[in-house]
Amino acid sequence: KNQVEQSPQSLIILEGKNCTLQCNYTVSPFSNLRWYKQDTGRGPVSLTIMTFSENTKSNGRYTATLDADTKQSSLHITASQLSDSASYICVVSVGASGTYKYIFGTGTRLKVLA
Amino acid sequence: DAMVIQNPRYQVTQFGKPVTLSCSQTLNHNVMYWYQQKSSQAPKLLFHYYDKDFNNEADTPDNFQSRRPNTSFCFLDIRSPGLGDAAMYLCATSRDGPGGPPYEQYFGPGTRLTVT
Chain D
1 KNQVEQSPQS LIILEGKNCT LQCNYTVSPF SNLRWYKQDT GRGPVSLTIM
51 TFSENTKSNG RYTATLDADT KQSSLHITAS QLSDSASYIC VVSVGASGTY
101 KYIFGTGTRL KVLA
Chain C
1 DAMVIQNPRY QVTQFGKPVT LSCSQTLNHN VMYWYQQKSS QAPKLLFHYY
51 DKDFNNEADT PDNFQSRRPN TSFCFLDIRS PGLGDAAMYL CATSRDGPGG
101 PPYEQYFGPG TRLTVT
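Quick mapping for you: the protein sequence lines, in order, are chains D and C. By the working numbering, the letter at position 59 of the first sequence is numbered 59, and the numbering carries on one by one without gaps. By the working numbering, the letter at position 18 of the second sequence is numbered 18, and the numbering carries on one by one without gaps.
Honestly, the hints are just simulated from the structure, not real lab data. Don't take every hint at face value.
Unchecked claim - The list that follows gives simulated cross-link-like pairs (lysine-lysine, BS3-like), each with its CA atoms no further than 30 Å apart: (1) D/LYS101 with D/LYS57; (2) C/LYS44 with D/LYS57; (3) D/LYS71 with C/LYS38; (4) C/LYS17 with C/LYS52; (5) C/LYS44 with D/LYS111; (6) D/LYS111 with D/LYS57; (7) D/LYS101 with C/LYS52; (8) C/LYS44 with C/LYS17; (9) D/LYS57 with D/LYS1; (10) D/LYS57 with D/LYS17; (11) C/LYS44 with D/LYS1; (12) D/LYS101 with C/LYS44; (13) C/LYS38 with C/LYS17; (14) D/LYS1 with D/LYS101; (15) D/LYS111 with D/LYS17; (16) C/LYS38 with D/LYS1; (17) C/LYS38 with D/LYS111; (18) D/LYS57 with D/LYS71; (19) C/LYS52 with D/LYS57; (20) C/LYS44 with D/LYS71.
To be verified - Taking CB as the label site, the calculated pair distances span: (21) C/ASP51 with D/ILE12: 42 to 50 Å; (22) D/VAL45 with C/ASP96: 16 to 24 Å; (23) C/ASP51 with D/LEU14: 43 to 51 Å; (24) D/GLN81 with C/LYS17: 23 to 31 Å; (25) C/LYS52 with D/GLN22: 15 to 23 Å; (26) D/THR51 with C/GLN41: 23 to 31 Å; (27) D/SER46 with C/LYS44: 12 to 20 Å; (28) D/GLN81 with C/ASN28: 30 to 38 Å; (29) C/GLU57 with D/ARG42: 19 to 27 Å.
Said to hold, decoys possible - Computed footprint of chain D on chain C, listed as stretches where at least three residues anywhere in the stretch have a Cβ under 8 Å from a Cβ of chain D: (30) 12 to 26; (31) 103 to 112.
Even glycine gets a Cβ: it sits at the ideal position worked out from N, Cα and C.
Let the sequences and hints guide you as you build the complete structure.
This is the structure in structure tokens:
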């Protein structure tokens, strides 16, 4: 069964600190993995997209890693800011050309405190 | 500059009264998606259009229908809303589907549906 699991479910950190969010997946065939940031009451916004051959990708203070062997990904946030408070969703795309499947994780809710 | 626009942002409807949510895009993308997201849950895909081809998810209730009259617009019709249909409804677009190159998926801000 295609599945994406994220941990932790929620996280509270102090402003300026770093944190790492985890995503484990059991998906076949794997196409690509995405991290989204979703502010409360808003639509998700893409942070990174990684294909099978990519190990790491950065977007400002956000760095995503992918280990296709262990089927794990992480999102590292450096020097957190209050505006980083949001849900972070890991999404894995499944299938070959002609199929359209995104498998969503349930997200990690991050709260950054001043 | 808004690229995926959803109207209205908040919608209140009565139990059993049909309601239509709308989505428009300025990206000229081939694929448009409708997701349902309930509180603290991941978005759940209801259906998507690849151009004019409609693709329904197997577990999407018949109560949910969709129309795509042209490339720019897509509508979600809920024929007889129940209390369990209260949720955030997200529209998204992508240039092509996830099976090909990793095109970005752009989400609208969502419509929050309340059923009374």
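For each hint, the structure was consulted:
1. D/LYS101 with D/LYS57: At roughly 22 Å apart (the allowed maximum being 30 Å), D/LYS57 and D/LYS101 satisfy the hint.
2. C/LYS44 with D/LYS57: holds, 26 Å
3. D/LYS71 with C/LYS38: holds, 27 Å
4. C/LYS17 with C/LYS52: holds, 27 Å
5. C/LYS44 with D/LYS111: holds, 24 Å
6. D/LYS111 with D/LYS57: holds, 23 Å
7. D/LYS101 with C/LYS52: holds, 18 Å
8. C/LYS44 with C/LYS17: Judged against 30 Å, a Cα distance of about 23 Å means the pair holds.
9. D/LYS57 with D/LYS1: Judged against 30 Å, a Cα distance of about 27 Å means the pair holds.
10. D/LYS57 with D/LYS17: holds, 20 Å
11. C/LYS44 with D/LYS1: holds, 16 Å
12. D/LYS101 with C/LYS44: Cα-Cα ~11 Å, so holds.
13. C/LYS38 with C/LYS17: holds, 20 Å
14. D/LYS1 with D/LYS101: Measuring from Cα to Cα gives roughly 13 Å; hence the hint holds.
15. D/LYS111 with D/LYS17: holds, 12 Å
16. C/LYS38 with D/LYS1: holds, 22 Å
17. C/LYS38 with D/LYS111: holds, 20 Å
18. D/LYS57 with D/LYS71: Status holds; Cα separation ~16 Å.
19. C/LYS52 with D/LYS57: The given pair, whose Cα atoms are some 34 Å apart, is violated under the 30 Å limit.
20. C/LYS44 with D/LYS71: Distance of about 22 Å is within 30 Å: holds.
21. C/ASP51 with D/ILE12: 42 to 50 Å: Since the Cβ atoms of C/ASP51 and D/ILE12 sit about 45 Å apart, the hinted range of 42 to 50 Å holds.
22. D/VAL45 with C/ASP96: 16 to 24 Å: Once the Cβ atoms are compared, 20 Å apart, the range 16 to 24 Å for C/ASP96 and D/VAL45 holds.
23. C/ASP51 with D/LEU14: 43 to 51 Å: holds, 48 Å
24. D/GLN81 with C/LYS17: 23 to 31 Å: violated, 43 Å
25. C/LYS52 with D/GLN22: 15 to 23 Å: Violated, since C/LYS52 and D/GLN22 (Cβ atoms, about 40 Å apart) do not stay within the stated range.
26. D/THR51 with C/GLN41: 23 to 31 Å: With Cβ atoms ~27 Å apart, the hint holds.
27. D/SER46 with C/LYS44: 12 to 20 Å: holds, 19 Å
28. D/GLN81 with C/ASN28: 30 to 38 Å: holds, 34 Å
29. C/GLU57 with D/ARG42: 19 to 27 Å: holds, 23 Å
30. 12 to 26: It is violated, with 0 qualifying residues against the three required.
31. 103 to 112: holds (count 8)
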